[in-house]
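With the hints as constraints, model all of the structure from the sequences given.
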Amino acid sequence: MACRWAARSTIWMTAPFRRRSRRAGRSEGTPAPMARLLLLTAGTEGDVRPFVNLAARLVARGHEVGLAAPAGDAEMVAESGAQHLKLAIDFRDMARQGQAHAAGLPGLIDRLTRTGTLTRVADALFETTARGRSFRPDAIIAHPKYTGAADLAQTLQVPWAQVALLPCIAPTAVVPNAALFARDMGPWANRASYCLTPLLARPLAGRTDRWRAESLGLPPRRKAPPPAARLVLNAFSAALLPRIDDWGPDVVTTGFWRAEDDAAA
1 MACRWAARST IWMTAPFRRR SRRAGRSEGT PAPMARLLLL TAGTEGDVRP FVNLAARLVA
61 RGHEVGLAAP AGDAEMVAES GAQHLKLAID FRDMARQGQA HAAGLPGLID RLTRTGTLTR
121 VADALFETTA RGRSFRPDAI IAHPKYTGAA DLAQTLQVPW AQVALLPCIA PTAVVPNAAL
181 FARDMGPWAN RASYCLTPLL ARPLAGRTDR WRAESLGLPP RRKAPPPAAR LVLNAFSAAL
241 LPRIDDWGPD VVTTGFWRAE DDAAA
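In full-length UniProt numbering, the protein residues as written are 1 to 265.
A couple of the hints might just be wrong.
As the list claims (entries may be wrong) - The calculated EDC-like cross-link candidates involving lysine to aspartate or glutamate, where the alpha carbons are at most 20 Å apart (straight line), are:
1) 145 x 79
2) 223 x 209
3) 145 x 45
Derived from the structure by calculation, the hints contain no laboratory data.
Structure (structure tokens):
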């Protein structure tokens, strides 16, 4: 059910899809128009598996899906039926070396910056994102690690959605940014904590602008800001965090993106 709801939210978030169905005179019960969807994920299995499950659901519905994921996850991606855009970073190896655990996300960013790993990871993510251009998607669904997803959407002029595997994107006064804080800090500080996540990518600002110019033909972000995500897809259960009143209609809690067999069990 969760993957089905996520798939529906993803497909119908775009005005082009809605206009296309109206022009075709789509009536009740007629299948939705097929779409080309680019999914971008990176990390260990906890980051990749939900996207694989969503990709499998979308492919089963007849959509063409490209899935950017680490090269080491080729077998998992192949099972989904999606086209694999291979990311040349082994996050599992990074985790084994202890680079994925360091005093929370800020500590991790600091450590990766000092070791030069951050720029290597960023360059790999940028390269994979740029290759998504040749897939010519109708929409993009991205893990937060893909800071260039909005830029790709900008150059392709397509909508995009950002995926939250835990509460870390859509600001709220009810709970803090779970990527940074574990304890309730009060309404004002809770909401403010969501402003910190974009700042973690600040060390990559110059690199991002060079990539925009060289790979996408775009001016610097300060001159042409990329579009905001059309949707934030909370890929976790409302049983863990019920719908929050200060979230807008663009924030959708879909439930965990499990495999269909698991969801039916």
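Hint by hint, here is what the structure shows:
At roughly 23 Å between alpha-carbon atoms, residue 145 and residue 79 are farther apart than 20 Å, so this suggested pair is violated. For the hint linking residue 223 to residue 209, the alpha-carbon distance of about 10 Å falls within 20 Å, and the restraint holds. For the given pair, residue 145 sits about 14 Å from residue 45 by alpha-carbon distance, which is consistent with the 20 Å threshold.
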